[in-house]
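K.L.:
This is what each chain is made of:
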Amino acid sequence: MIPVLNITDLHKSFGELEVLKGIDLAMHKGDVVSLIGSSGSGKTTLLRCVNLLEEFGRGRIEIAGEPIGYREEGGRRRRLPERQIARQRAMTGMAFQQFNLFPHLSAVKNVMLGLTKTKKLPAEEARAIAESWLDRVGMLARKDHFPGQLSGGQQQRVAIARAIAMAPQLMLFDEVTSALDPELVSEVLAVVRDLGRDGMTMLLVTHEMRFARDVSSRVVFMHQGRIHEEGPPEQIFGAPGTERLKAFLSNSQS
Amino acid sequence: MTYDFNFAVVWRNWDLLAEGLMLGLFLALVSIAIGCVLGLAAAFGMLSRHRALRWISQCYVSAIRNTPILVLILFCYFALPQLGIAMDKIPSFIFTLSLYAGAYLAEVYRSGLVALPPGLREAGLAIGLTEWKIKRYLIIPVMFRNVLPAMSNNFISLFKDTSLAAAIAVPELTFYARKINVESFRVIETWMVASLIYVGACVAIAALLRRLEARLSIPR
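Chain order of the listed sequences is A and B. Its first residue numbered 1, the first sequence is counted upward by one per residue in the working numbering. Its first residue numbered 255, the second sequence is counted upward by one per residue in the working numbering.
In isolation and in its complexed conformation, chain B is listed as follows (with noise of 0.2 Å):
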């Protein structure tokens, strides 16, 4: 069997594919940030001292994390409407991918405050600083720079997890690949390019995230 490779009818639609890639690394961001937020807020919950707060936290947690982000793609897009909860195809999805990439986070900032030297706190307090100052100049910015290998792969994980908006008709890169294989019948050429795409942006963040490790990474 011979295969004639035809990759010019992709290449026609490059400008759907830079399109749909930079859609997706906004999603990512905006996902990522928010998600930030959320995960600092479920850690500190997991790890309070009321009862309420740690079970809540954990039950958020745990709800996302068992659950597949396909799933609640489609449940965020599907069913929160007949809820009441009406979002479009893109806000919704950023919501269902900061929830997702806040219970991921949670979990890897509660490793990493729980791995904090007990001294760090102390020697806040012996300084005069109140619980909140503690928590803002010390806790956070050490944790932080001690989790950040870990975020890292999660953060190239969530840009992955933005083709399944795909399957919300978000047009990101696997939805317009799919849309030029169906218009093409270029089945090999589309998903291979797409593919690459991906790698590519996955290597580029990786080596942007590790410049940013090495900057903040605490000298030693």
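This is chain A alone, in the form it adopts within the complex (with noise of 0.2 Å):
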């Protein structure tokens, strides 16, 4: 079976400084991998690199057997054009730290735009699909209020149906409970382990601890710009093999 996404070898440098030194990473469908790590340990930038919203120097990443980002032309590598880009950025969704909804559009507009601007969907069936995601993620009761009038943990659920409404085949969370109160924080968790649950291939960067420990199958620690260890959650919580991890762990409340 071809796997939903397939790193190889990615290396990914801010100027000098080299944030990712030669990522493998595999999933296949249905798979949730935690990211997780210290700060500056690269899994926001292997997660941005997944959604093209970094390019990267060397590597290759594949989303369901297309490589993404960029095309060997006669041995030298270069950069897609845009509509193609922008193209394969919606294989995936991305829900990000800070929700980042459009804050002049409603809750339904937002989740509306991208199936009629990039999936050139009807209105109607847009609205209609907009509509039911929103309601899995409980908010069709607030469909009509703009971002602004929504708590955080209200706007990131809705962040949430506006890129799983694009029926993406995996979908990324970046740090997605950092910017919320402790108390709508369980809230947003239960929407992505719901998604879970019904299968949602996801890659997700989380500090939540017991949360990644609840929903993975499969947890991935990251040291200074590597996958230091990696294994079934049982195993990476319960009996690291590695003293970073350990450490990393007991510094970590989880």
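To be clear, the hints were calculated from the coordinates, so they are not data collected in a lab. Any given hint could turn out to be false.
Stated by the list, open to error - Short, incomplete list of chain B residues facing chain A, as computed with Cβ under 7 Å: (1) Ala377; (2) Ala380; (3) Gly382; (4) Leu383; (5) Val396; (6) Arg399; (7) Asn400; (8) Arg474.
What the hints assert, rightly or not - Covered by chain A, per the in silico footprint, the following chain B stretches (three or more residues, Cβ under 8 Å): (9) 361-374; (10) 384-395.
Stated by the list, open to error - 27 Å max Cα-Cα, derived DSSO-like pairs, lysine-lysine: (11) B/Lys433 to A/Lys143; (12) A/Lys109 to B/Lys343; (13) A/Lys120 to B/Lys389.
Every residue gets a Cβ at the ideal spot worked out from N, C-alpha and C, and that includes glycine.
Got two chains here, separate frames each, mind docking them using the hints?
P.N.:
Pasting the structure below:
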């Protein structure tokens, strides 16, 4: 079976600083992988490379078998034209730490925009899809509210609906609860957990260790731009194999 | 000293004043419309990745903003024809005021663009929008709503600037007021009435713009 996501030897530098030093990672349909690690370990950069929000220098990312972002041309590596990149970006959905809802659009219009402007669906069809996803995340009653009228947790749930309504093959979650007040964290995690149970393939960067343990089929511990240790959550949290991971886990309250 | 006010001579010419006011509003409206487009282009130009675009936009904005508008009006009407660009009074004035409006609005838009949340563009990218669609559906609409109050102030200024068209004999309100003044010698009355008409028009425009702002502003 072709993996949903296949990363081989991914390198990424910001100027002199190499933040990803050769990442290999494969995910199959239904996998839920959590990326953990201290800040600066490259987790978020990895996620942003998969969504093509960052360019990367070396290595290859394939989504459902299709190499994304670049093509080889006579031995030279070239960035794909904008239209192709945009199409490939829509193969993955992304939820951001800061929600990033469109402030001038109501909740339902936020979800509809990609459906009508990227997928070019008729408005009625887009609205039906948007409303069913808002219902799934428990936000249907507030579909006509604007982002500024919603709490952080509610905004994040709309943002997740917006991403997932595009029917991506892979959902990316970038610290989706980090900007939330503690009492709002659980409502967002419940939505993510629910999606995982439904078989959604998900790659998440998280600082919520208990949550990572609960939802993940695999946990990847990153350190200084490399995958330092990975395995099923019971192993990573129950029997960490390296000193680094032990130190990291004991420092993060879970 | 006693002075017998006589507004009758002024009122007798109310049709001229009304006509002048209408022309002034028309000049402002057309120039603002053109200026909005120019300003938007210049604002994106000033923030462009391309050095040449940045340079051209910055030159345009600086040159216009650092020249008195009366000088611009006179230059465009009297000097441009010598250079082979001849325009009638009204087109010439609209040309000048549009350029002027564009330069000021460019600054307003530029600050609006700079102040946008950085996540807006990325969120658009993440749902597969192209740069052009991101500008059209996200960047421009959000920026416009945010700068609406600053734009309103500019609109009112621009309407008042239409009075300078009298300098090249465009028959708007100030032009007719001067004519009535010369013909009737009722200096105080004429200019008082003209001033009050400007005040009334500006207050009305401001009220209209405030309602528009309330309708368009982003609910929070």
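K.L.:
Give a verdict on every hint.
P.N.:
Cross-check of the supplied hints:
no.	hint	result
1	Ala377	holds (4 Å)
2	Ala380	holds (4 Å)
3	Gly382	holds (3 Å)
4	Leu383	holds (6 Å)
5	Val396	holds (5 Å)
6	Arg399	holds (6 Å)
7	Asn400	violated (9 Å)
8	Arg474	holds (3 Å)
9	361-374	holds (count 3)
10	384-395	holds (count 6)
11	B/Lys433 to A/Lys143	violated (60 Å)
12	A/Lys109 to B/Lys343	violated (47 Å)
13	A/Lys120 to B/Lys389	holds (17 Å)
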